[in-house]
Amino acid sequence: MTDTLTTRRRQLISPKVLPYVLSLPALLVCIGILIPFVTAIFYSLQRYRMSQPWNRGMNWGENYVKFLTDSDFWNTLKVSLVYAGSTVVLELLLGLAIALLLKKRSTVNNFVSIMLLLPLMTAPALAALMFKLMTNPNFGILSYFMQVIGFDDFRWGSSPGTALFTVVLVDIWVYTPFMMILLLAGLRSLPTQPFEAAALDGVPQLEQFWRITLPMLMPYILTAALFRLLDSIQQFDIIYAMTQGGPGDTLMVFQVEAYLNFFQSTNVGRSAALLLILWAITYFLSNIFVKNWLRLRERAKGGA
Amino acid sequence: MDHTSFLERWFRRAALSIIIVFFMFPIFWIVLMSFQTNETILRSPPSMSFTPTLDNYMAIIAGRLDSNVASMGIDFVNNLMNSIILSVCSVAVALILGVPAAYAFARHKFKGSEDIAFTLLSFRFAPPLLVLLPLTLYFQEIGLADTYLGLVWVYQLICLPLILWIVRGYFEDISPDIEYAYRIAGHSWFSTFRKIALPLAGPGIAAAGLLAFIFAWNNFIFALVLASADKQPVTVGALAFVTASGIQYGQIAAAIVLSIAPTLALALWAQRYLVEGLSLGAVKG
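Chains as they are written, first to last, in this note's numbering: chain A, -6 to 297; chain B, 51 to 335.
Okay, chain A solo, but in the shape it has when bound:
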């Protein structure tokens, strides 16, 4: 970069416009992506099946009204909420327990926490395939274990009674480490004085946990749980790779249902309406999340 060129550049872009110039390309790319979003809203207000192009037309919210009496829709909503709720709660409890175990910095603990990164870095869709191999009724090692402990007919993903358990297990395997990492970072950033004081006063460990650790860790717990909830309610990869929403409609969560609506029954209108309802839920959750997260960031900065 020669001197004349840099001076000319300085004159060309005034400091006022500079930030806009810098962020414009990123914005443009994203605006391109906003167009389909608007289209989706439009589709959701239409009677639109790709198999019946002649029948296409606006029906102004009829897709949404139909949901009220549509048992498939309520099933989708129920399954999505149960899936999201159970994965988040279980991962939170498990992640917190592991983080507490690993709190002290030691060679063993560091080794364990590095190992726990591996499931998190495995593609969820591939993790589901791994578990599919392990739960195969003919040779799957997990099926064999189940036989050994007396469950002769445990069919994992292929039986309606255990399908949810199976996908939740995969979700836990992949995402518990995420909770653990966030909570461990939170635990290690807590000030030490309250704990030292409590130890001097002879406060029992369990009480220390309820009275000091948990309240001080709460902002981290909330952030981590909301973040996972946002992802989990949209889960697609694990469920699609494992059972494609089956058996029957046992695992028809929002995105799987919308995907199958679009590509199999080619009902574009219903698919778009489903996704917009999911979007409304995530938008609501993400607003709470962002507020929480910003507060945590401020605090982390102030403390550092």
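Quick caveat, the hints were computed from the structure, so don't treat them as lab data. Backbone N, C-alpha and C fix where the C-beta goes; we use that ideal spot for every residue, glycine too. Check each hint, because a few of them may be wrong.
[Unchecked claim] Capping the alpha-carbon separation at 30 angstroms, the derived lysine-lysine pairs in DSS-like fashion look like this: (1) 9/A x 159/B; (2) 71/A x 284/A; (3) 9/A x 245/B; (4) 245/B x 161/B; (5) 96/A x 284/A; (6) 71/A x 59/A; (7) 161/B x 9/A; (8) 159/B x 245/B; (9) 284/A x 159/B; (10) 9/A x 284/A; (11) 284/A x 161/B.
[Said to hold, decoys possible] Short, incomplete list of chain A residues facing chain B, as computed with Cβ under 8 angstroms: (12) 33; (13) 116; (14) 117; (15) 126; (16) 131; (17) 137; (18) 166; (19) 201; (20) 203; (21) 215; (22) 219; (23) 223; (24) 234; (25) 271; (26) 277.
Following the hints, put chain B in place on chain A, whose structure we already have.
This is chain B only, laid out in the frame that chain A set:
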């Protein structure tokens, strides 16, 4: 310093062992399967004693699947190549677009900057299918359907917000005084950015880039919706492979191992950066 009782130490050890077994066993078992023939995989009860064979990997690399019934061609190597092309290009584009924007958001509180930053972040949380399904119809019209360009563009939905938010945090941590001092010495804005800000935020940019690479590699839904067989990455390819190869379980395991190996290796190599990036700057551990 260590007041822990004997009982507590044993409890701790037992708990850690269970954790390691639970989280490592699936990877361990799939790796074992990938070195076995179908005969040893199908033994009952399952056993860990077998003569390891590289046949499964050879079959995948050679692209031919021979069973006693028939022989078929597979192109899993092509899926691997696609994954590499898509992830590398997406991260490169996201860095070129995202780093300057992150700098603008961190340094200049201009009008609407927070709103824009949040809008970009909200892409991270919106259901991907909402955008993907209409996009399939658009892409067919404008000829981007089933092209790397179209896919890399859509991959920005995951890569760009990640880079923007992580790198922004790192830029904010650099004291503006250093930059002012350099500018007062008569340097232009651009050379300040290049010589001061970029190197100082270097570790953060690397962390964000790595994380974006891993997320792009692990993505499933984008390519499932938008790519046909010859452009599919490993995540989608593996699923198709399971259906196509039927009962060649050893080869399925080998394909999975090949697909997860790159991200796992990256994770082990750069674990410290990843942990920082994963918390999105929410906590500085």
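### Task
Quick one: which hint numbers does this structure break? Sort them smallest to largest.
Hints 19, 20, 21, 22 and 26 contradicted; others consistent.
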